[in-house]
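Visitor: Kindly produce the complete structure, drawing on both the sequences and the hints.
Those letters in the sequence shown? Residues 1284 to 1444, by the numbering used here.
Rather than coming from a laboratory, the hints here were simulated on the basis of the structure.
Positions of the beta carbon are idealized from the N, C-alpha and C atoms, including for glycine.
Some clues are possibly wrong.
[Claimed, not checked] Cβ-Cβ distance ranges computed for the label pairs, FRET-style: (1) ALA1284 <-> ASN1432: 22 to 32 Å; (2) ILE1288 <-> PRO1436: 17 to 27 Å; (3) GLN1351 <-> LEU1379: 32 to 42 Å; (4) ASP1427 <-> PHE1332: 47 to 57 Å; (5) SER1374 <-> HIS1350: 27 to 37 Å; (6) TYR1396 <-> ARG1424: 34 to 44 Å; (7) TYR1426 <-> GLY1346: 38 to 48 Å.
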Amino acid sequence: AVLVIVLIPLFIRIGDFLVVFAGYALSGLSAQLIKRLFFSTLPRPVKYFEINLPDHQLYLVPGIEPHQWFSFPSGHAATAFGVFFSIALVSGNRALQFAAFIAALGVAYSRMYLSQHFLMDVTGGAALGITGGFLGWWWIRRYDRPWMNRSLPKLLMHETA
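Guide: Okay, structure coming up:
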């Protein structure tokens, strides 16, 4: 699903695609690096309660295999906010911007609902995603070129508008 969402702007404006892709890549890669280099020993909710409150029964959604480690930051929240914040930045449509925000919140909430992350994890992921989305937008806009204002089909057909 993320791949489809990231690729849609290619058919509207290549520059918008590059912004969304940069937001996706920066937020996703930075979340994984931070998670693995600095916070690899932070337990996820299931492991945390197993260690600290063994008598507490944590609700688990049937069919979902809970992860044990690498809790902070949430990579799903980071990439969701990176992609959807980037979409909000390139879109002038308030309804689309609002929908993007709601979609990102939905992804973040789902990570907690599935007992994969704590609020702290998804908040950190959201902050990382917003930062990645903004940096991607800023970086791509600095190098704006005429071909970036065309869609991929128009670029391939050598159309100028």
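Visitor: Taking the hints in turn, state whether each one holds.
Guide: Against the structure, the hints come out as follows:
Restraint check, ALA1284 to ASN1432: a C-beta distance of roughly 27 Å satisfies the suggested window 22 to 32 Å. For the pair ILE1288 and PRO1436, the beta carbons lie near 18 Å from each other, so the given range of 17 to 27 Å is met. In this structure, GLN1351 and LEU1379 meet the distance hint of 32 to 42 Å, their C-beta atoms being roughly 37 Å apart. The given range of 47 to 57 Å is respected by ASP1427 and PHE1332, whose C-beta atoms sit roughly 49 Å from each other.
Separation of SER1374 from HIS1350 is about 33 Å and conforms to the stated range, judged on CB atoms against 27 to 37 Å. Look at TYR1396 against ARG1424: about 36 Å separates their beta carbons, and that is inside 34 to 44 Å. The beta-carbon spacing between TYR1426 and GLY1346, approximately 45 Å, falls within the hinted interval of 38 to 48 Å.
Violated hints are absent here; each numbered hint is respected by the structure.
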